[in-house]
Amino acid sequence: MRLRGIQGRLLLILALSSLAMVVASFAAFRALDEIGAVTETMTGRDVPAVTSALRLAQVGERLQQRGASLMAAGTPEALARAEQAITADLEAFAHEAAALQSVQALSGEVSTLSVELAERLHDLRRALAARSVHAENLEISRLAMRGQAENVRQLIGPSILAIEAITSGRMGTDMATFRIAIRSQAPLLAAERLTDQVTALLFQAQIAEDPRSLVESQASYSRTVAQLQALTRDLPAGLRSGFAEAVAAFAEQSGSDGIMALRLQELAALTEAEAALEDSGKRAEALKQLVDSRVIAASRSMAEATEDLRQTILSRNSQFALIGLAVILGAAGLSYLFVIRPLSRNLAAVTESMTRLAAGERELQVPGAKRRDEIGDLARAFTVFKDNAFQMEQLDRELAERSNLLLATFETMKDGFSVFDSERRLVAWNPQYLTHYQLEEADISDRPDIEEVNRRLAARGVRAFLPNGEETDMVSLSHRRLLHPQRHELRFADGQVLELRSNPIPQGGFATIHMDVTEQRGTESQLLQAQKMETVGQLTGGIAHDFNNILAVIIGNLNILERETADVPELQARAERALGAADRAAGLVNRLLAFSRRQRLAPENIDINALVQGMHELLETSVGSAVMLRLTLAEDLPQVRVDPGQLENALMNLAINARDAMEGTGEIAISTRAASGDFIELCVSDSGSGIAPELLEQVFEPFFTTKPVGKGSGLGLSMVYGFAQQSGGSVQVESTLGIGTKVTLSLPVTVEAAAPEAVPEQVGGEGTGDACILVVDDDADLLEITADQLRAHGYAVVTALDGATALELLAEIPEIDLLYTDLAMPGEIDGFALAREAEKTRPDLPVLFTSGAPGEAGAGLPNLLRKPVPEEALLMAVRLRLETYSRRTSVSST
Amino acid sequence: MRWLVTFVIVLAMLGPAAAAPLQVLTRDGGPIAGPAIRHGESFAQARGTGVSVIQRPFSGLYGEIMIGFVTGRETADVLIFPAAWLPDFAPYLSPVPQALIDSPLVQGIHPAYRDTLMRWQGQWKAVTLDGDLHMGAYRRDLFEMPEAQAAFERAYGRPLAPPRSWTEYGELAAFFRDWPEPAGGALAGSFEASAEGGQRLWYLFSHAAAYTAHPDHPGHFFFDPDTMAPEIDNPAWRRALREYLAAVATAEAKTEGGSGLDSHGVRSAFALGGAAMAIDWTDIGLVATDPDRSAITSDVGFFVLPGSQEVWNPEAKRWDSLGAPRPVPFLAFGGWIAAVPLGSRNTDAAWDFIAWMAAPERANEDVTDGASGFNPYRLSQIEDFERWAGLMGERQAREYLGVLRESLSSPQTARDLRIPGYPAYMAALDRWIGRVIAGELPPAEALAGAAVEWDQITDRLGRASQRRHYREAMGLEAQAP
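Going line by line, the protein sequences match chains A and B.
For the first sequence, position 692 (counting from the first letter as 1) is numbered 692 according to the working numbering, and the numbering increases by one without interruption.
For the second sequence, position 64 (counting from the first letter as 1) is numbered 64 according to the working numbering, and the numbering increases by one without interruption.
The set of hints was computed from the structure by calculation and includes no laboratory data.
Accuracy of the hints is not assured; some may be wrong.
Examples of chain A residues lying across from chain B (beta carbon under 8 Å, computed) [what the hints assert, rightly or not]: (1) R153; (2) G157; (3) L161; (4) I163; (5) A297; (6) I739.
Using N, Cα and C, we set each Cβ at its ideal position, and we do this for glycine too.
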């Protein structure tokens, strides 16, 4: 501790003040000792004397009122209570008088007066008790007389009422009875009147205030009773005995036990009580005055002692107050001189420095920094604080810049961003988060927890999926997001897809980026669908090719059988039926080829409206009369370039599908319109049952059908799909369950002037050939059949199973007039290569191609026969080809 | 003289020592006086003492008896009068001989009539000859008519059946008022007496009994049993009076131009098929099934007096609802009793005649005679099913006796007023009701006027004593021993 410091100075001042206070305390102890002595005198002598005198006065005052209480007591119980109170007061009076005697001498007059007062109060009590007994007897008699009056009314009342009824004429009696009634009612009415009078006189007697008026009432009463007694004999005989009993009871009331005598005795007792009350009142008053003088004397003595004590306390208080004031003033002066003034000056200087620092002044010197006391410590600490403040300000500025940058990034980023804290409540989000979830600020202003967010999403039909496509529940996902980085998708009912990438944060909770991948997922889905359809197409095309080869063998054999069994009609008929079935199989394979876009199209520039109108009647017949067919065709449409036969086929397929979807009744609408990108749209919509969303992607797949077993092949829409694709267009299906389905074909518009349609060359009738034909096919069975068919019509045929063998045969046999080759063959030399090689050595050699699945390579070949090749078609094509070359050769040779 | 029919039986060839004939005073007409005459004849033959029956109109009978008492000029040895007058006459009557009290003749009387009607202030003063109570009767042929049943159900939504409440009774009366009499002519909904001097008050009392019988406040029928303030002007009585007048109005088509029916007219007119229903003393059962007097002999049904689901709460001054309508039978009028005045010149013979007349063998004949005016009052009479079945057929007898038994045993059966001044109270009320029937006053004003008169009568007779008697009459306190 520094003695020269502020703390040391203050302790010194405090020590001096404490010393002064110790001195003053000694003086105070002396003063209190004096006051205690005076107080002891007061409490031992004066206070008991005053207290006893006051109590004595109170009891005396009560005794003065007790007489009136006794008089007012209306019942024996009240009288007994009042007497008990008097006895208690007298005992209390004696006790207090003895107490006062012990501290202050009392005269014997008090004792005498109190004894006399007790005696007079006792007299009063006795008189009142007597009066109470009389009053009780009076009440008994009164009730008895009231009963007698009621008896009289009960006795004579009905007779009076009966006679009144007669005399009033209400009873319809004769005149004689009427007169009798008039005469006979007088005694009854007199009896009623006198009974009322007797009752009233008795009442008067009971309330008579003095004996004189009572005597007067008694005389009147006796006269009335005498009248009643005289009246008895005039009453009806049946009433007399009852009436006489009542009158006798009335008469008794004039006797010594009657109401009159009882009231007289009650008045006498009352007079005696009033005298006793007056006497006791006088004694009580005298006693009170005596006691009051004692109270005044005791009070005066007490007042003198109190005044002495007050003076002593006042003088000692003044002395103590002066000493205390001097100590306080001294301590305050010293404190000001040695502590407060220097402290104030230096603190003001430091405050000014802080103010300047707050105003931004950097170069300032803190005063007092070199002092060696607490002020110096403060100045030096402030200097350090100033330097730190400068550093903090610099850091704060840098932090604000980084924070603004982060905030701008946060708010402008394309993806949504959210943060849930350790209690899993949403604490931060950017505007894009609200946009992705179609929320308003108000929706999440209550900072909902993740469970609440999940509930809201579930209510909107949102489902969660893991990256592998497996569906998961959002609750367990929320737990995992707290612990590990998570990636998942939310799929909304309207098709929106959000990808969420969550990362736990060290303080607990997790932050999440919400990316809208709706468009990306749509593109992926379309790509996947296209790849699937392509794969299916390739697979289907391959199978169709093989089937066509097989069918060609079957059909060829059947043709031979049919021809060879002409003389056995039953066998020929069977061969024909087999041929029919094989032809239907070929038709199905053709549809597969159409789907796989390997059919051979014959595109033309056509007016699509004319084509639709041309089919109108056929379509109406096909869909049935219960279905309404409505055409809405846009005018002035450009021509489209498609195979009209295939388009008709497609339109018919779509119409039949629509009819089946409606179960026979409803409406099919066919419309055309121009679409963007040089396309024409042909729409076929129905009002049928619609297709479930999960099945929409499969409708183009071959053999997929929603129709009952045996009702559809499942190739109709596949063919339409393949046709549209192969024609450079597309097809879309839109469907709503319960509303209907709409299929839209987009077909390309003709972009160049159409080439003149080739006019098929006319060929003459069937004939037999004499040419030599080289037939090439890797299918040995088909090769054999084809050779047999040609030989059967007179052609010489050589065969080869591959291209190399064929080339060898061409070199060896110059008589070969025509090459008939399959396009697709194993090995290095397929049909095209063979034709090219043959042309090198035999440029004039006519070539016919055949293929089960010509594909794009064969699409433009005019001399291609598609398997299975009907025998007639083969012969026709061979002959046509041979003749064409023959003419060409002839012309060139001329 | 027209109203004075003296029937004197003098024993044939009476010797010079024969006693003077007994004078019997009662009301005029076939009922009551008829049996007295008939039994007087047999008494004279059996005992040798002649019996002369003095008949007075009912409206003058009370005055005649009372004026005799007051003047000491009593002319009768035997008085036959309504039980409710006994309190007024009691001081003038001789006591019933103890031997008669102890005899099976008195002990076989139903307690409802014996213990309350024959004594006053503990003294046996009379012997009952009649057991009165009100009941309902209806024409079964109309109630079982399919067309009526269908029409009633359509109109009121419940099956056509005898009424359980006064509300249903009013609806039934209104329905049948508009229903054509099958035999042609007009049909009354219901018959109730409304003629002056025709005992109409008791029909009103039957209505009021149901509305004033609050289970928690017994004894508030005519007066407040604590203050003896009249209850007859409260809403229960006003409703009872309105409904009584409405019921009477349903018979206007049958009484048009007349002064309404008296009680005898009610049972006679009903027996002729004039109304679908009637309220009356039990005489109506015998009259309506008597082939000589009835056109609907086998088509009569009976019902206990209707009740009410709503009862007036005299303390809370409001209507309280019970769970269901509760029938309240009413011992209307009590019955006719016989007594001997103190001034009788031959008291023993007088009591002998009363015992003769009340003997079961004769009483049984009287109560099964629709013209006697006497109704069953002995236990044996109510239990003698064979006798009643022989008179009115089994089904009707069963129903009739069922109503009697239920009415006498029901805990809420209402008793008639039985206090001194009874005729004065009745006369005052009847006068005011008469003004209502005459259309001079509305019901509420008339009942309020009657209540003021009742208060005056009570005060004149001593309110405390009247209160005691009323409480005894209502069964709130035991009778004086």
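A quick look at each hint next to the structure:
1. Here the hint on R153/A is kept, as its CB sits about 4 Å from the closest CB of chain B, short of 8 Å.
2. About 4 Å separates the beta-carbon of G157/A from the nearest beta-carbon of chain B, less than 8 Å, and the hint is met.
3. Of the supplied interface hints, the one on L161/A holds, with its beta-carbon coming within about 4 Å of a beta-carbon of chain B, less than 8 Å.
4. Hint status for I163/A relative to chain B: holds, with the closest Cβ pair at about 6 Å, below 8 Å.
5. The restraint placing A297/A at the interface with chain B is violated, with a minimum CB-CB distance near 66 Å, outside the 8 Å limit.
6. Annotation: interface hint on I739/A violated; nearest CB of chain B at approximately 52 Å, more than 8 Å.
Checked against the numbered hints given earlier, this structure breaks hints 5, 6; the rest are met.
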